[in-house]
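Here is what each chain is made of, one letter per residue.
2 protein chains.
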Amino acid sequence: MQSWKDYLEKNKDRFLNELFDLLRIPSVSAKKEHKEDMIRCAEAVKQRLLEAGADKAEVYPTAGHPVVYGEKIIDPSKPTVLVYGHYDVQPAEPLDLWHSGPFEPVIKDGKIFARGSCDDKGQFYMHVKALEILVKTNSLQNNIKFCIEGEEEVGSPSLGDFVKGHKELLKADCILISDSALISLDTPSIDIGMRGLSYIEVEVTGPNRDLHSGVYGGAVANPITILSKMIASLHDENNHITIPGFYDDVVVASDEERAMLARAPYNEKEYKEDLGVKELWGEKGFTTNERTGIRPTIELNGIWGGYTGEGSKTVLPSKAFAKISARLVPNQSSEKITNLLIKHIESTAPAYVNVKASVHHGGEPYMTPLNSTAYKAAAKAMETTFGKEPIPVRGGGSIPICALFEKELGIKIVFMGFGLDSDNLHSPNEKYNLENYYKGIETIPYFHKYFSELK
Amino acid sequence: MQSWKDYLEKNKDRFLNELFDLLRIPSVSAKKEHKEDMIRCAEAVKQRLLEAGADKAEVYPTAGHPVVYGEKIIDPSKPTVLVYGHYDVQPAEPLDLWHSGPFEPVIKDGKIFARGSCDDKGQFYMHVKALEILVKTNSLQNNIKFCIEGEEEVGSPSLGDFVKGHKELLKADCILISDSALISLDTPSIDIGMRGLSYIEVEVTGPNRDLHSGVYGGAVANPITILSKMIASLHDENNHITIPGFYDDVVVASDEERAMLARAPYNEKEYKEDLGVKELWGEKGFTTNERTGIRPTIELNGIWGGYTGEGSKTVLPSKAFAKISARLVPNQSSEKITNLLIKHIESTAPAYVNVKASVHHGGEPYMTPLNSTAYKAAAKAMETTFGKEPIPVRGGGSIPICALFEKELGIKIVFMGFGLDSDNLHSPNEKYNLENYYKGIETIPYFHKYFSELK
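In order, the protein sequences belong to chains H and S.
Quick note: to get the working numbering, add 115 to the position in the first sequence (first position is 1).
Quick note: to get the working numbering, add 115 to the position in the second sequence (first position is 1).
Note that these hints are calculated values from the structure, not bench results.
Take these hints with a grain of salt, some might be off.
Intra- or inter-copy, both count: the list cannot distinguish identical chains.
Straight-line distance between alpha carbons at most 27 Å, and here's what the computed DSS-like set of lysine-lysine pairs gives [as the list claims (entries may be wrong)]:
1. Lys120 / Lys503
2. Lys495 / Lys193
3. Lys282 / Lys554
4. Lys399 / Lys344
5. Lys491 / Lys344
6. Lys387 / Lys471
Everything numeric in this text was worked out from a predicted model, so none of it was measured.
Throw the hints in and build the complete structure from the sequences for me.
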């Protein structure tokens with residue numbers, strides 16, 4: 116469609132400036148101090164939807180941060196696509212590792228550097244601009260709804276109630292999400308699976324106060340030592356997870372699926388060089404792509420205890436803490452694994468200490484069927500703009516609300532992500548290639564076209 | 116000596132107010148931001164020595180924080196006691212656990228609450244006030260020198276050069292130190308040994324940047340997990356330290372010495388209740404007093420890595436850190452153990468990560484002979500004011516400069532401490548009982564009297 120491409124070319128700079136304005140709002144959902152920024156960001160998203168051509172757009176308050184809903188209904192009897200995204204971002208810490216301010220977007224080497232540039236402001240905003248293109252070129256053949264939430268990075272605690280309370284409003288034929296990566300612009304791919312998540316925080320208390328490590332050292336358990344032993348025991352010498360029952364519900368991938376995954380290009384030397392490691396680590400018996408795609412994992416996301424400042428302090432601390440999360444694959448249940456994790460942590464704690472484990476958030480693993488209309492439309496759209504058929508891959512990340520959408524709305528999801536694994540998601544210097552941003556805006560209108568044709 | 120006691124009674128309030136003024140100076144040697152406070156504190160100590168009756172007092176600059184020297188020489192042919200103490204204090208963190216400001220001393224339930232109240236401002240200042248009593252009551256029979264340093268809490272890096280460069284100035288017949296605890300006012304005791312110290316910091320680097328734990332989790336080593344495994348391997352199932360060669364130079368205590376140590380009152384139920392723990396931890400085959408007195412230990416003083424803020428962040432961190440220290444007993448060498456620790460940490464690190472271990476500070480273990488004049492004078496002084504013979508005990512803490520003093524000046528040290536183990540040294544709400552402060556000021560003049568008589 117030459118007119119779509121023309122419209123995009125003519126409006127490129129404005130499309131970028133609008134995204135920059137969104138990126139400048141520090142919408143960090145995990146931190147209470149950003150409550151007002153969250154509201155400001157939701158209002159901005161609503162405004163942009165209306166400007167892009169939505170018939171209506173509204174900010175819905177929730178128990179947490181608000182949800183933005185918008186829609187363009189051309190004809191209720193036509194197919195409807197529900198676009199999901201999130202306007203909240205991860206905390207920007209550690210701040211000293213950013214080369215430029217996390218909320219002061221800049222272009223460097225053809226990349227947009229800012230927190231949220233890829234995850235997910237830069238990606239959901241492609242859909243807002245695709246709507247504008249379709250509306251302004253009078254070529255929209257289906258209905259589009261938007262559900263842009265503000266709590267994805269903290270586990271979407273309020274979205275369940277919102278979806279349950281607005282089933283009619285959200286009614287659609289498929290859900291389209293851009294919140295993941297493709298292999299590269301040369302090798303397009305579509306995530307057909309997302310891992311689930313269990314996330315807990317552990318507090319180990321030894322003595323009731325910080326002690327002098329000389330006066331008490333050797334006579335009372337050190338909570339850092341005890342916590343370390345508990346963490347060390349989570350993996351065996353083959354890096355299998357040792358928690359009894361952890362793998363019980365894991366669907367073993369078929370040889371066929373493993374062969375399909377192996378089609379994705381992978382160069383171990385480059386992978387290691389990019390990460391700066393001499394050796395890779397992982398569960399024995401699986402490839403790197405399998406370890407991040409079809410196998411469940413446990414990661415330590417944070418640890419702290421005792422004196423962590425400059426210089427030395429001879430303290431035997433009272434407490435030590437860790438943030439621990441598991442990535443899950445079909446058919447593991449987030450609730451079941453969270454309970455297993457907590458039970459394991461509490462039961463392996465020796466009597467020297469008190470251990471409290473609390474739940475942060477979770478989400479179920481998800482799979483998109485290759486024979487769904489949504490997958491077919493996405494594959495055809497990408498083939499059109501990339502000139503190559505995309506490879507189906509299993510993503511390592513989690514979009515916890517997928518299982519919720521499927522359960523409550525009874526529809527399938529397709530993940531058409533345009534980020535790159537190297538985009539520093541959740542890390543300092545998060546980035547999003549300009550080329551990927553524009554390629555997404557170019558591709559999405561084709562998804563709508565093919566979805567309404569195939570449906 | 117009724118006149119000493121009278122003088123103390125008449126000047127009690129002033130003696131306390133003067134200490135409060137010193138406690139209000141945040142002389143934290145570990146932190147660069149307190150450099151000016153350190154100089155201010157040194158000047159204040161010098162001024163107080165002169166006011167108390169010293170013939171001269173001077174602030175000596177060093178490569179680090181200054182040393183305060185003062186003296187009262189009545190006759191060079193008489194015995195000379197060198198009083199050592201330190202005006203620097205530990206960092207006050209974690210600040211939120213203090214009931215009142217760490218540098219705003221208050222009296223509550225008969226106790227002085229402030230950072231440094233016991234360790235060591237409150238204790239070295241007893242010696243300044245004892246000098247005042249002896250001078251003002253015209254009863255000083257010996258010479259007194261003072262060496263009050265500002266880097267004890269960071270391992271006294273500059274004191275070695277100062278002592279080596281001022282051997283004549285510091286020449287004395289014994290060294291008297293109040294920087295330790297007694298069992299209680301009802302059960303006086305004297306520390307006859309101090310443990311040595313090795314203190315290192317470990318930095319474990321996995322990937323070259325923080326990663327998304329979903330995208331990379333399972334395929335690259337998590338530095339927190341690896342560090343935890345390294346920490347977990349430091350102790351075996353009997354809580355013996357596993358580092359090869361660690362115990363090689365430990366002098367095994369004789370049955371006689373173990374019997375003497377067992378004379379110190381110890382109530383396990385009360386000990387556990389005070390610490391709020393259900394079970395004690397420690398090296399198999401030794402009692403609690405032995406574990407903290409005659410056995411070497413390894414403690415984790417701090418650990419940190421990844422996201423440690425509010426809420427959750429799904430990051431696979433690039434780095435994890437730990438502060439690790441060992442307490443040493445005769446005849447372990449601090450340098451040798453530090454090297455063993457570093458070698459062990461570096462050699463047990465798997466190829467998935469890079470490990471850097473750096474040295475913070477150290478100190479040698481020390482023993483005071485029971486047959487030394489200094490020990491006898493201290494025991495007699497305490498017997499006079501407490502009405503009971505003190506018990507000799509082995510202290511768990513470290514005063515790293517003891518071995519240096521003995522080596523450079525060739526004289527013996529006696530530890531006449533007036534603190535309590537429960538004084539929250541190095542912890543929030545550090546305190547020093549008013550009664551102990553005054554009992555120290557009452558006892559010290561007797562030490563000088565008996566030392567000059569016995570010498």
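Results of checking the hints against the structure:
no. : hint            : in the structure
1   : Lys120 / Lys503 : within (19 Å within a copy, 97 Å between copies)
2   : Lys495 / Lys193 : within (20 Å within a copy, 101 Å between copies)
3   : Lys282 / Lys554 : neither (32 Å within a copy, 77 Å between copies)
4   : Lys399 / Lys344 : both (22 Å within a copy, 18 Å between copies)
5   : Lys491 / Lys344 : neither (49 Å within a copy, 46 Å between copies)
6   : Lys387 / Lys471 : between (37 Å within a copy, 20 Å between copies)
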